[in-house]
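Engineer: Sequence:
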Amino acid sequence: MKIKPFVLGIASVLSSLVDALPSPGNQTSKPQASDRMVFAHFMIGIVSNRKSATEFDSDMKRAKDLGIDAFALNIGVDRVDPFTDTQLEFAYQSAANNDMKVFISFDFNWWKEDSEASLVGQKIAKFGGKPAQLMMDGKIFVSSFAGDRVDVNAIRSAAGRPIYWAPNYHRPESADISKVDALLNWMAWPNDGNNKAPKPGHLVTVQDGDKKYMNALGGKPYIAREQIPMPYFMSSSPELTSPSAVSPWFSTHFGPEVPYSKNWVFPSDNLWYERWIEMLNLKPRFIEIVTWNDYGESHYIAPLASPHTDDGCSKYVNDMPHNGWMELARPFIAAYKAGASSVNEYIKDEQLIYWYRPSPRGANCDATDTCMVPADNSSGNYFMGRPNGWESMDDVVFVVSMLKSPAKIQVSSGTSQQVFEAKAGATAFKAPMGVGQQSFAVVRDNKMVLAGTSPKDIIDGCVCGIYNFNAFVGMLPAEPMDNLQPDSLARFAQGLKVQCEARPSLKPPPPPPSTINPNPPTNPPNPPTNPPNPPPTNNPPNPPPTNNPPPPPPPTTTQTHHHHQRTTLPQTILPQISPQELSAPVAQAKTTTKVSATSAATMATARQDPAPATHTAPQS
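For the sequence shown, position 264 matches number 264 in UniProt numbering, and the numbering has no gaps at all.
To be clear, the hints were calculated from the coordinates, so they are not data collected in a lab.
Any given hint could be a false lead.
[Said to hold, decoys possible] In the EDC-like style, the derived pairs of lysine to aspartate or glutamate whose C-alpha atoms are separated by at most 20 Å in a straight line are: (1) Lys283 <-> Glu345; (2) Lys51 <-> Asp78; (3) Lys423 <-> Glu345; (4) Lys139 <-> Asp181; (5) Lys283 <-> Asp35; (6) Lys64 <-> Asp99; (7) Lys179 <-> Asp114.
Sequences and hints are given; from them, build the entire structure.
Structural biologist: As structure tokens, this is what we get:
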């Protein structure tokens, strides 16, 4: 069974005005309420098990309710994925039934650039006239992953209708830009310029990348309706400058149990919140979320229960919902479309969103991890042991409050407790990771507004024996349990070296406490992380748990996997990061009750966003 191709997040801000046409012809529909649109990247390669258009309805309805306007449907080639046309038919039909738009993104990891351009055009001709097709300037909107050398004239000829060709060329400076209508910049995470986490002396920002793309375009805008002179596009106008990529996370951990072995992370931490704040400041015309359902790279925001097959990632996706990230984005999307610079008036319900990894980064899983044996590394993406870039991930618990008025936020991580002052609006906090239960509360005027304990403990061990750098995302009020379905767990046991049941194991959390201590200890212990490069050891770790038991005693020694470290500031607690502070100078950073604070400007300096990197070999 062919598994979906790897896509390095398409999340570029594309300055543009879009017309969505509901009919096969070129008749323009009523103008959008807003000329800003949000897309989400959708992997068709992992939904071969869907039996009808109705199985897309939940995704369409949920995305539309969130404020997403269209899905970018990533597809491989028919000779590898014979189910593609069937699933595209379902997706287009469901989109039309639910007042959504879709467009095809051709993945040239699988399509042959030098010989299959006509087949690409034929696919466009087959689906481009459907009511749910996203149109621009009366043209069929088409995108890609890679494809720098593809014959665009052959695509246009075979399509038989005007297309708006907006590919992601990896090397725009050397591509034939005269054949494109716009370009996409894909990379959504800080990187080293070579598709891995930053390391000393090698940090590529998304701003650098977009300058590179704009220079290559020579005056053509990012998917713009009218030609905008380059000097204006490169100006300080908040409507047009600063490229944006919106993705919450990146972690992938496939061993030799699959033919597309790969094992690395990009530093993500608080990236989801930071990028949405930037969207309100930059006011781009397009945003594409990376991704809706790429579970294998851990940047999904769709529910675990969304129907999909298992590409082997279920061992680190099981019990790891990300729905809270969807809720975090909701008021930001509304504010972005309205052209607002603050989310305050778009927060309809008070919520607390939190996320963290299931174990400290220094937990030793070498004795049982699936990536501790050699595998095919023709892609250059496979590393034994901990994922490449693991040092760039902080051992902290991330919290974002979305409030209508100020309140105190209490975070209890293991034995560590902290209280933060939250403003009205969306505010981000970081607390040291503690082994054990994770509890959260919102208190206003000495009355508890929200409170609860996460169903996922942090353990100093290895769930199912593996290094899991995925994020658990929860929220208050607590969401209903979201579980992988049987098809999504089919390959769970492949490669595992320990007994671990292929089933969801989270239990409903205990009831929230009836009282709260408004003044917990002011000096919490350091998070249970290990030094970047502790001495190696061959001692096996404690037996890995299969669910969420009480934490075992911390190991006396650990082994790290020495790979690239990103350039960063010293680790600090960032208790309060409001939208206003994100663009403030460091000197304007606010301190909060009980803990020290670092301004969002400092944080943004430490975690600049990425530009496109050189990609290698097809990936899953």
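Engineer: Take the hints in turn and mark each one as holding or not.
Structural biologist: Results for each hint:
no. : hint              : result
1   : Lys283 <-> Glu345 : holds, 17 Å
2   : Lys51 <-> Asp78   : holds, 18 Å
3   : Lys423 <-> Glu345 : holds, 13 Å
4   : Lys139 <-> Asp181 : holds, 11 Å
5   : Lys283 <-> Asp35  : holds, 11 Å
6   : Lys64 <-> Asp99   : holds, 8 Å
7   : Lys179 <-> Asp114 : holds, 16 Å
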